[in-house]
Amino acid sequence: MRHSVALSTVVRLSLVQLLGSAVAQSINGIELRDMMEEMEHHLVDNAGMNNSPFVAAVNPCSNYVGFQPDAQNRREITAAEWVRVAFHDFVTGDVATGMGGLDGSVAYETDRQENKGVFINDTIKFFAPTTTAYFSMADHIALGVVVAVAECAGTAPGMQPKAGRIDAMAAGPSGVPTPLTGLPETLARFGAAGFSPSDTIALTACGHTLGGVRSVNFPDIIPASTVTPTNLDGGVSFDSTPSNFDAGNINEYLNNTGSRGGPLITTDAVASRSDLRLYTSDGNATVQSMSAPAAFQDRCNKVMQQMIDVVPRAVTLSPPVTPMPWKAMNICLDITPDGEVTMAGLIRALAASNDSTAPRESVTYHMKTADGTQSDPETTDEPSGNGTSLFGTTTYWAFNSSMGDFEAGTAASMDFEDMSYPVNDRLFVLPMQSRVENATGTVTLRAAALTSMMDSGIGNVQGMLYVPTPQPGSLAPRIANVTVEMKAMGTAGEYTLFDGSATVVQTTGVIAKVVLGDEGSQTVKTDLFAGHA
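In mature numbering (1 follows the signal peptide of the UniProt record, and there is no 0), the protein residues as written are -24 to -1, 1 to 509.
In short, the hints are calculated from the structure, not lab data.
A couple of the hints might just be wrong.
Pairs of lysine-lysine, DSBU-like flavour, derived with a Cα cap of 30 Å [unchecked claim]:
1) LYS92 / LYS278
2) LYS101 / LYS278
3) LYS101 / LYS501
4) LYS463 / LYS501
5) LYS92 / LYS344
Predicted model, so just to flag it, every value in this text is computed and none were measured.
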């Protein structure tokens, strides 16, 4: 069941959020603002032009996009897998020491008994192609929880995703509670991760409204007799609505109806009745307080938000990432032989599903310098495409602007509607003159820098590529920083032009920037380079 979210119910990413100090920070040379906008792309751009596969994977909620043979007969649910992966990743965190939490370390931990099953590899393999320096695996896992709940009829935006998680480079500590883990140890483990006993019960109940338990993973809990040609893994659901995010599991447990709360309540293997131990530990007070639909959604939103926000102390999460009514994307600066700087890209508008207003024919925008000087207004082309979203409909307009009105190196922003996008025309990558050779893995990077910057003696321009790179022991890529040695190749007006090449292990998902002294250019996706498939 798809849960449509009215645009009017979400908080806009404001100009202050985009340009304020909270998002001006960078991680490994990547601005947090770029991470936020990439996460917003995967949340909002669901179908049509500029679409991401993220949300479609759990629409409908019963969908399974895993990689097992005979997938249609596995009774796996991708949304349930995504929620479970987040739980297994976060729960070994320790808020007192600031270690662990939701950091993607679960990708290295698939061989542990506490993680048996296909859910981790299914999830990591699906997320891997879109894991980049902008969008870490850990951020994928966090967004996966938000999207899974929303698509399975949970209330949204009850949870608000945040960007900025840094992927672990190795496995974290073991200790994920299993059905055989005793109550004191389970509560202690959750307590170390910052959860009270009541919140521990609530999070378990929230997670166990989706999916179920499989005989292939827990033969002591689910008998082999459940395995059939249409249920190859012998899956038994937690409740009668395994692809609805609702209080069905709680109410069937409390009322002794339907699935009676699922296998971890009813199994003949008494030692594996872990849900029953938790629920009865406070005399069923927590689950009773969550039995009404609104109470269930409210409590689940709170504890699941808490879960995805448990991160290592070294990580500073962004402000909430919310759908942006207006957004610029694929911004590319270029330069003519005589030194005129141009900027091209797309503007996207997001309208609520119930908005019957026809998209406007064009969008007006202008450039601005740091001292507030504005260029004459310009207009985009006619709409170049559209799409659909969990949050409404999207419309795109292409723009192409000259910065000839300004002195070279003084542009500060591009403004339209209530948005303002930073522009750096002092030092910038030239995507339209750069190139990717997919067959050889060669990336040719071209850039421009104000010659006056070079005259100050701060050194040469150096390129940097952020390359998603396969690694042993995990299906998740690591981001490798590849340096590109740049050489001057001439001048154009007040700019010196640079060129350099490097070979990378893969050309998909690569992010590029150039650096001169302490100043870095804005980053660019090499997907925009010439030659990219």
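Verification of the hints:
no., hint, verdict
1, LYS92 / LYS278, "holds, 28 Å"
2, LYS101 / LYS278, "holds, 28 Å"
3, LYS101 / LYS501, "holds, 22 Å"
4, LYS463 / LYS501, "holds, 21 Å"
5, LYS92 / LYS344, "violated, 55 Å"
Hint 5 from the earlier list is the only one contradicted by this structure; the remaining hints agree with it.
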